[in-house]
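Residue numbering for the sequence shown follows full-length UniProt numbering, beginning at 1 and increasing consecutively.
Since the hints were made in silico from the structure, they are not lab data.
All values reported here derive from a predicted model rather than from experimental measurement.
Every residue gets a Cβ at the ideal spot worked out from N, C-alpha and C, and that includes glycine.
Careful: at least some of the hints might be erroneous.
Within a straight-line C-alpha distance of at most 30 Å, the following computed BS3-like cross-link-like pairs (lysine-lysine) qualify [to be verified]:
id : residue 1 : residue 2
1  : K606      : K654
2  : K81       : K177
3  : K81       : K330
Here are the simulated distance ranges between beta carbons [unchecked claim]:
id : residue 1 : residue 2 : range
4  : A244      : G163      : 39 to 45 Å
5  : L329      : L447      : 26 to 32 Å
6  : K330      : T310      : 18 to 24 Å
7  : K330      : T175      : 37 to 43 Å
8  : V217      : L329      : 43 to 49 Å
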Amino acid sequence: MTQKPSAISLEDISSYPLPGMAVPGAIAWSPDDSLVTFLLSPERSLTRQLYAYDPASGETRLLLAPAGGGATEENISLEEKLRRERARQREIGVTQYSWAEHSMRLLVPMRGDIYVQDSPESPLRLLVAGGGAPALTPTLSPDGEWVAYVHDSELYVVPFAGGEPRQVTSGARGTGKTNGLAEYAAQEEMHRNEGFWWSPDSRALAFEEADETHIPVYRIVHQGSEDVGDGAQEDHRYPFAGQANARVRLGVVSREGGEPTWMDLGENDDIYLARVKWLHDGTLSAQIENRAQTALDLAQFEPESGEARTLLRETSDTWINLHHMQRALKSGELLWAAERDGFQHLYLHAADGTPLRQITSGDWMVESIAGVDEERGIVYVTGTRDGATEAHLYAVSLTGGEPRRITQASGKHQVVLDHALRRFVDTHDALDAPPTVTLRSLDDGALLATIFDERDPRIDTIGLTPPELATVTSRDGATLNAAIYRPAASFGAGPFPTIVYTYGGPHAQLVSNSWTMTVNMRAQYLRSQGFLVFVLDNRGSARRGLAFEGVIKHNMGDIEVRDQVDGVRWLAAQGLADPARVGVYGWSYGGYMACMCLARAPETFKVAVAGAPVTHWDGYDTHYTERYMGTPQENPSGYASSSVMAHVENIRGKLLLVHGLIDENVHFRHTARLINALVKARTPYDLFLFPDERHMPRALADRMYLEERIVEYFQQHL
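Turn these sequences into a full structure, and let the hints guide you.
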């Protein structure tokens, strides 16, 4: 195929934010509910500033535009760059902020320094200069009088009013340990970015000590760097599947410093410290997960002694999916989420952990607790009750019963409730609706005010058409959600050369009634070139319940590929796909899937572009991999058959491998090992490297070059 003129340019595909996606983020209510604050770029770039919307006046004003533009990719430390990778964060400028819990004080970290504002009307004030080592994960105390942070592996506190910082932990600096920081697996896989927690009375801090000194160093060399010194390499203690994990301890230390009290986490130190939370009565709780991720204990600790007792235990024959839905009520009762019936639902327990009742039920899942009104006996949740391609806000009685839907417009809703539980901020989008931000009544979802509804002119200039949603039945009767990006009528009625875009892995979903699908710019560009682009959420993907997700247990890359093949067969039966011209592309797990589709279904897939692929699961990290595959020692046959290298001799189509050489998540080693197998099998391949990129390419020039090469590859070979 030859390239055809398109209203979409390569820069449109490569530039962020995508059309319509430069919208308010990090939305929060001020402690007195007088302001809604958020980060926004008025010029629709990645550089964001802090704004405040006043519901009383309806006015939006700029709160903070830092001198020098704030954080950039060039002026932050390596530690911060790696934390941004963990968070998949692209935005620069003001990248985070937080309110004090009980006062109108603001904390704004920037470039490894800590800034504060005494009130929204006050000037920005430098509180801590990071110096040679950045001030990491700064956090306000509940009373707003103190700020805690980690500097050079130790925990510090400093008065909000200013003064000399005080080091409150010791013993980690210079040893390879850290006090107060989440270890790699917690950040990357457990969605826990914090490593210390203020007590409710602001007098003490719980903190994690992480010891990775026994984990061998994995060195990444900056092969594209002009530097040949220490700056040209990074050493990471990466926990490979089946190998050693970080050893963690949970301590409590006074705000004044001194010897910590260590909590009793049990005799087995090969565990995961999944969540930590203080309770209303001043005791501490933690979610402790076993290495196999088949059991999760919610433990309660006495901070003065470290004595522990187990409040409840969850077990699973599949695996435990972690969540953030532990909520202690003022009554002492505990709201808790679990997948006991195969779908994530809410349960109520007594203060001592005794089960009281199940609050929600059915073949749908609760995804978050948005708020709890104990006086009215209502819990507000978001979930999938109206379908796995939707996300809505519901009100449910704490005594159980039928949920009441509050958000009405179809699509996906992200909500932030005010502290009084009378209003909520609703960020809504759908296939045909870019995100808008509105203020609504919590009683019935009625519109109170519009906070943001600015149409990006690029949407109309480019002329984006939403994909069509469809359902496909697999060969063994499973219903799968799919999306079709059909070429314009000028290309005829089909069949078309077809490209499958896949991720395919657990804890992720591609197909939804969301604007993110419409601004899938690569798919939109490919359809403008006459390709049909197809997206299918195979079994193993998220938001469909544990049975749907759990079919991949101990055997990845098998049923996922079969489901993708069934999707292509369905397309061909509709007269849409040309079965002789089908390609596939994906990144990360999607890169793995692209390789496996080419290797395990060569009769279906003729071309694959695999970005940052995992090629053998023994080369990925413990917490993610072992959840699904067990360890290589326990499941050697599963690891062998789930490896791309086991199937390279079946590859007959064209394969383009893409990888960043300094990827510290999916190491380039994955692609290198696959190349060895391809050479041994005398199987041709093509290779495209980014010497200076990590897991997600950030430089605009690199992304544009990437898109150009991908499009050319499919045009040449399909």
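Problem - Range hint compliance [Cβ, K330 to T310, 18 to 24 Å] - result: holds, 23 Å
Handout entry: Holds or violated: K81 to K177, with C-alpha atoms at most 30 Å apart
Key = Between K81 and K177 the Cα gap is close to 20 Å, so the pair holds against 30 Å.
Practice task
Given the range 26 to 32 Å, decide if the beta-carbon distance of L329 to L447 lies inside it.
Solution key: holds, 31 Å
Handout entry: Hint check for L329 and V217 - Cβ pair distance inside 43 to 49 Å
Key = holds, 46 Å
Handout entry: C-beta pair A244, G163: status relative to the range 39 to 45 Å that was hinted
Key = holds, 41 Å
Handout entry: K81 paired with K330 [C-alpha distance capped at 30 Å]
Key = violated, 39 Å
Problem - Status of the given 37 to 43 Å range, CB of T175 versus CB of K330 - result: Holds, at about 42 Å.
Exercise for the section: Measure nothing beyond the straight line between the CA atoms of K606 and K654; if it is 30 Å or shorter, mark the hint as holding. Expected result: Holds, because 6 Å separates the two Cα atoms, which is no more than 30 Å.
The earlier numbered hint that this structure contradicts is number 3, and it is the only one.
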